[in-house]
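Protein sequence lines, in the order shown, are assigned to chains H and W.
Using this note's numbering, you'd call the opening residue of the first sequence number 3 and step up by one each time.
Using this note's numbering, you'd call the opening residue of the second sequence number 3 and step up by one each time.
Check before you lean on any hint, since a few could be wrong.
Which stretches of chain W does chain H cover? Using the computed rule of at least three CB atoms under 8 Å from a CB of chain H, they are [unchecked claim]:
#1 67–78
#2 131–138
#3 142–154
Covered, in the sense of this in silico footprint (three residues per stretch, anywhere, with C-beta under 8 Å from a C-beta of chain W), are these stretches of chain H [said to hold, decoys possible]:
#4 66–80
#5 84–94
#6 98–105
Derived by calculation from the structure, the hints in this document are not laboratory data.
Treat the numbers as computed from the prediction; the structure is a model and nothing was measured.
For each residue, glycine too, the CB sits at the ideal point set by N, CA and C.
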Amino acid sequence: MKRRVANVSVGIAAVALVARFGGSVVVPAACSADITYDDGGTRVTTILAPDQSQFNTVSPVFERRCGTLDCHGQVGRPLRIYSGLGLRLPNDAGNIPGSSATTPDEITANYRSVIGLQPEQMTRVIAGLDPPDSLLILAKPLMLEAHKGGPAFAPTGDPGAGCITTWILGNVDATQCAQAVAGF
Amino acid sequence: MNLRFLGAGLVVLACSDPVTSAELDALPPENPNVPIGQYHRAGQPCVVCHNPSGPASADDFSLGGTVFAQAATLVGVNNATVAFTDTTGSQFTTTTNCVGNFFVRKSDWDPSFPIFARVFNSTDEVTMQGQIGRERSCANCHSDPDPSSPEYFSQVGHIFLYGAGETPPPPASDCPVSPVLQ
Chain H
3 MKRRVANVSV GIAAVALVAR FGGSVVVPAA CSADITYDDG GTRVTTILAP
53 DQSQFNTVSP VFERRCGTLD CHGQVGRPLR IYSGLGLRLP NDAGNIPGSS
103 ATTPDEITAN YRSVIGLQPE QMTRVIAGLD PPDSLLILAK PLMLEAHKGG
153 PAFAPTGDPG AGCITTWILG NVDATQCAQA VAGF
Chain W
3 MNLRFLGAGL VVLACSDPVT SAELDALPPE NPNVPIGQYH RAGQPCVVCH
53 NPSGPASADD FSLGGTVFAQ AATLVGVNNA TVAFTDTTGS QFTTTTNCVG
103 NFFVRKSDWD PSFPIFARVF NSTDEVTMQG QIGRERSCAN CHSDPDPSSP
153 EYFSQVGHIF LYGAGETPPP PASDCPVSPV LQ
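Take the sequences, apply the hints, and build the full model.
Have a look at this one:
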């Protein structure tokens, strides 16, 4: 059995990355520091994620472009997306699909779906080690990876991709986010 | 004997898709008063059967559904136009029959998803607020689950053309089967 030793210095380095990429936040994991194993390998436990406060602007893109009831608006799918027109978070307020606007709780649930899909890769992207389109939330709709739902975004110049990319990079482009849902 | 084994193998292959099998099992039985054809199974998910691996594979549908009169009733609307536009801009229209059923054969139109849809006749028009991502059976999202079921939060209700304050025209009197489900 491997003996695990908390490596606090790596944890501090993660916080330093947040300072460098100021638009991002640290989402505490089960352990507050990364862990080094006897073999020298480091298992990152700290997660870096895009800013939740900017996600209100981004959530409609996921809702309208990804979250229809027959795609990611299904409880059995990864990247589960809730929305006013699609899947509703179970509630006692009588909110059913099409009855009312997306609620703050549903936007929070969408944020958790987005950052929880690939936490390690999201951390690498926020840290500047990989580009945003290495994430499935962009690679799949852009068809850089196989996507059962097909090309949800145009391969170039789609404002939906622009909205998500700028959010990940810490400075969300609200104009592109609005353009991305016009007509959808 | 070899042929018998071959036949058994083919049956096993035909039933090997657990998703299709579960969807088929979930369908209610045929209404004995409605012959199999364009009027049958109104309000049910057409493409469960009408797909290349389904029991109605000879009649492969791109899309299929039912238009009812109002939110509170299940009376089929005759002769409504259902218009689709796919992601490439390709358009296709079809018309409901007297029980409200409509369908698009894949041989007539094989769209690229997502698709936008609207339903209209000479007096009313309803445009779908979102796009169809990839579902070919309208009823897989447009159904009316019991409020106590988990599906209550994931179903948008049946398709209807007339508002609550309107008086829809009476059901088609010359329909070979009853257009009134409820």
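A quick look at each hint next to the structure:
{"no.": "1", "hint": "67–78", "in the structure": "violated (count 0)"}
{"no.": "2", "hint": "131–138", "in the structure": "holds (count 7)"}
{"no.": "3", "hint": "142–154", "in the structure": "holds (count 4)"}
{"no.": "4", "hint": "66–80", "in the structure": "holds (count 8)"}
{"no.": "5", "hint": "84–94", "in the structure": "holds (count 7)"}
{"no.": "6", "hint": "98–105", "in the structure": "holds (count 3)"}
Figure legend: structure checked against the earlier numbered hints; the only hint not met is number 1.
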